[in-house]
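Read off the chains here:
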Amino acid sequence: DTGVSQNPRHKITKRGQNVTFRCDPISEHNRLYWYRQTLGQGPEFLTYFQNEAQLEKSRLLSDRFSAERPKGSFSTLEIQRTEQGDSAMYLCASSFDSPKLFFGSGTQLSVL
Amino acid sequence: GENVEQHPSTLSVQEGDSAVIKCTYSDSASNYFPWYKQELGKGPQLIIDIRSNVGEKKDQRIAVTLNKTAKHFSLHITETQPEDSAVYFCAVGGSQGNLIFGKGTKLSVKP
Chain L
3 DTGVSQNPRH KITKRGQNVT FRCDPISEHN RLYWYRQTLG QGPEFLTYFQ
53 NEAQLEKSRL LSDRFSAERP KGSFSTLEIQ RTEQGDSAMY LCASSFDSPK
103 LFFGSGTQLS VL
Chain P
3 GENVEQHPST LSVQEGDSAV IKCTYSDSAS NYFPWYKQEL GKGPQLIIDI
53 RSNVGEKKDQ RIAVTLNKTA KHFSLHITET QPEDSAVYFC AVGGSQGNLI
103 FGKGTKLSVK P
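Chains as they are written, first to last, in the working numbering: chain L, 3 to 114; chain P, 3 to 113.
Next comes chain P alone, as it looks inside the complex (with noise of 0.2 Å):
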């Protein structure tokens, strides 16, 4: 089956800082790769997406990028807030919706 690996599982950077997070999945079949934001007691927070037949896709300071050769995609945010302090989830999958979760980056952006 389908495996997700996530890298860093915690990352810290100062307010302003740019953010990096990275998976890597094992499925060439996978077409499908959002990004899911969770802060403390809520459900997990669609912020982007992308298809397979995209590359990059950019919606205001967040942005992700997909290199289906390698099967890697990446989470960048840019001009950390210190209301982008949550645990951030990458996930993987197919056209029916059962996503494969990575195990989550917990990201704190220091004021």
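Looking at chain L on its own, in the form it has when it is part of the complex (with noise of 0.2 Å):
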């Protein structure tokens, strides 16, 4: 499979802890975005990198929020003292310069 990876698929926590979620983009893809996507809703842009360079952050991004992109590759998105409000899908897409974005499955989000 050469599409976008994440994991872990589902991920339930308890008010207060910290999760990390983890995106493995499409193999050469040099862009990586992380949106969240409430029921109901369309996806929310979080953030992007170019290559292992955060360029743009939104402000729904918090504090308890931090997104790192080692070595180009894959990305990792962690959300600390987690909030029920937190409870989301958090979906990773990448591109090749370009905003033809192609998305993974999510990771879905509980907060107890």
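By construction, these hints were calculated from the structure, which means they are not laboratory data. Hints are not guaranteed to be accurate.
To be verified - Using 20 Å as the maximum straight-line C-alpha spacing, the simulated PhoX-like pairs for lysine-lysine come out as follows:
hint: 1; chain 1: P; residue 1: Lys112; chain 2: L; residue 2: Lys102
hint: 2; chain 1: P; residue 1: Lys112; chain 2: P; residue 2: Lys39
hint: 3; chain 1: P; residue 1: Lys60; chain 2: L; residue 2: Lys102
hint: 4; chain 1: L; residue 1: Lys102; chain 2: P; residue 2: Lys44
hint: 5; chain 1: P; residue 1: Lys39; chain 2: L; residue 2: Lys102
If you follow the hints, you should be able to join the two separate chains into one complex; please do so.
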């Protein structure tokens, strides 16, 4: 499978815990994006990387959220001190020098 | 910032009929307009896109039309099939790929 891969597919955590998600983009894609999607809504942009550089962050990305893309390959999204409002589907997408994004299947986060 | 409105929120058609979903946007500088299909438990899948220098694009049963002056674009699906049932999202963006999505249209195709 050469598509965008996200792990885990599902994560259940208690309020206040930290969680980390991983995204493996399509090979050789230099751009990597994180989006968040809540029930009945379209995906909302969180942040994006060009290679290893984080070029843009949405105001939705509070200081409890941090994303990294070491060596310009896979990326991780960490949420510290999770809140119930963080419950959502976290989607990763990648592209090669283009706005044409290819999405993974997402990580569904449930904060109890 | 950019604002994208999508209508209708739900659409039910008989198999073989056509379906049309419309989106409007606010930022006249936007130049990329993709459409995504999302099935339950999956991420959005790009089905067709159009750039601002083109008025219409077609791919088999799917077509997109763009009116830059009026700032709206539409998805047209002809000869609908039950497997077309899904949630469809329009999106608007520039060259960087930070797309702004509409709220989605749940399409149901009844056999």
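Right, here's what the structure says about each hint:
1. P:Lys112 x L:Lys102: At roughly 31 Å apart (the allowed maximum being 20 Å), L:Lys102 and P:Lys112 break the hint.
2. P:Lys112 x P:Lys39: 18 Å, holds
3. P:Lys60 x L:Lys102: 17 Å, holds
4. L:Lys102 x P:Lys44: 18 Å, holds
5. P:Lys39 x L:Lys102: 14 Å, holds
The earlier numbered hint that this structure contradicts is number 1, and it is the only one.
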